[in-house]
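Novice: Protein sequences, first through last, are from chains L and E.
Heads up: the first sequence runs through residues 31 to 135, numbered per our numbering.
Heads up: the second sequence runs through residues 218 to 323, numbered per our numbering.
Mixed in with the good hints, there may be bad ones.
Unchecked claim - In silico PhoX-like links for lysine-lysine, alpha-carbon gap of 20 Å or less:
| # | chain 1 | residue 1 | chain 2 | residue 2 |
| --- | --- | --- | --- | --- |
| 1 | E | Lys-222 | E | Lys-241 |
| 2 | L | Lys-43 | E | Lys-274 |
| 3 | E | Lys-262 | E | Lys-303 |
| 4 | L | Lys-95 | L | Lys-114 |
| 5 | E | Lys-237 | L | Lys-43 |
| 6 | E | Lys-237 | L | Lys-111 |
| 7 | E | Lys-222 | E | Lys-237 |
| 8 | L | Lys-114 | E | Lys-303 |
| 9 | L | Lys-57 | E | Lys-222 |
| 10 | E | Lys-274 | L | Lys-50 |
In short, the hints are calculated from the structure, not lab data.
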Amino acid sequence: MTKSELIEVLARKQSQLSYKDVETAVKAMIEHMSQSLSQGERIEIRGFGSFSLHFRPPRVGRNPKTGDAVTLPGKFVPHFKPGKELRERVNGLTADMTSREVEPA
Amino acid sequence: MALTKADMAERLFDELGLNKREAKELVELFFEEIRGALEDGEQVKLSGFGNFDLRDKNQRPGRNPKTGEEIPITARRVVTFRPGQKLKTRVEEYSERFAASELGRA
Numbered sequence: 031m032t033k034s035e036l037i038e039v040l041a042r043k044q045s046q047l048s049y050k051d052v053e054t055a056v057k058a059m060i061e062h063m064s065q066s067l068s069q070g071e072r073i074e075i076r077g078f079g080s081f082s083l084h085f086r087p088p089r090v091g092r093n094p095k096t097g098d099a100v101t102l103p104g105k106f107v108p109h110f111k112p113g114k115e116l117r118e119r120v121n122g123l124t125a126d127m128t129s130r131e132v133e134p135a
Numbered sequence: 218m219a220l221t222k223a224d225m226a227e228r229l230f231d232e233l234g235l236n237k238r239e240a241k242e243l244v245e246l247f248f249e250e251i252r253g254a255l256e257d258g259e260q261v262k263l264s265g266f267g268n269f270d271l272r273d274k275n276q277r278p279g280r281n282p283k284t285g286e287e288i289p290i291t292a293r294r295v296v297t298f299r300p301g302q303k304l305k306t307r308v309e310e311y312s313e314r315f316a317a318s319e320l321g322r323a
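Whenever a hint applies, use it, and build me the whole structure from the sequences.
Specialist: So, in structure tokens, the structure goes:
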């Protein structure tokens with residue numbers, strides 16, 4: 031499923047909103063999420079999962095052309111941890127088959 | 218502070234003029250449609266943000282960390298997220314600002 035397919039499904043289901051409104055809203059939601067992560071802020075969506083940044087420490091890499099060693103600075107990379115409901119649903123499990131678990135809000 | 222569905226709905230209300238109920242429903246439905254597609258075994262690609270992929274894992278040996286008892290981790294399907302280039306670049310830019318502010322403080 032692509033972003034435009036997602037927009038189409040949502041527009042069909044929310045028929046009181048115009049396609050254009052749904053399109054603008056979906057783009058705004060994705061931008062809001064990108065913005066938060068790019069400011070170092072976590073995203074926590076109950077039942078879906080959480081997005082956070084993981085730190086990759088500095089390392090010595092090589093210039094592939096010259097073979098020279100270059101020091102690459104440490105950096106953050108986006109990380110997603112699926113929430114309980116999402117994990118269970120993709121795995122075809124119902125809630126009562128799995129063990130108790132505490133999930134962050 | 219973490220971004221939540223309530224914050225996302227609030228922004229749709231503030232900036233797009235959806236009413237509060239519509240905004241809340243749309244945010245809820247946005248995540249539900251993504252979950253539904255993944256549940257149906259379909260990859261989800263949100264350009265500019267990233268892809269949600271599915272991976273099938275084989276059974277492997279595991280251990281109860283409390284008791285040390287050996288229990289197999291059953292075969293399962295898991296969701297992985299691969300950030301897109303645009304998001305990775307924006308987060309790297311944040312890393313640079315973060316490093317600069319840490320140096321400033323040192």
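Novice: Now tell me, hint by hint, if it's right for this structure.
Specialist: So, going through the hints one by one against the coordinates:
1. E:Lys-222 with E:Lys-241: Holds, at about 8 Å.
2. L:Lys-43 with E:Lys-274: Cα-Cα ~34 Å, so violated.
3. E:Lys-262 with E:Lys-303: Satisfied, since the Cα-Cα distance of roughly 13 Å is no more than 20 Å.
4. L:Lys-95 with L:Lys-114: Cα-Cα ~45 Å, so violated.
5. E:Lys-237 with L:Lys-43: holds (17 Å)
6. E:Lys-237 with L:Lys-111: violated (28 Å)
7. E:Lys-222 with E:Lys-237: holds (12 Å)
8. L:Lys-114 with E:Lys-303: It is violated: about 28 Å lies between the C-alpha atoms, which goes past 20 Å.
9. L:Lys-57 with E:Lys-222: OK: L:Lys-57 and E:Lys-222 at ~15 Å, within 20 Å.
10. E:Lys-274 with L:Lys-50: With Cα atoms ~40 Å apart, E:Lys-274 and L:Lys-50 exceed 20 Å; violated.
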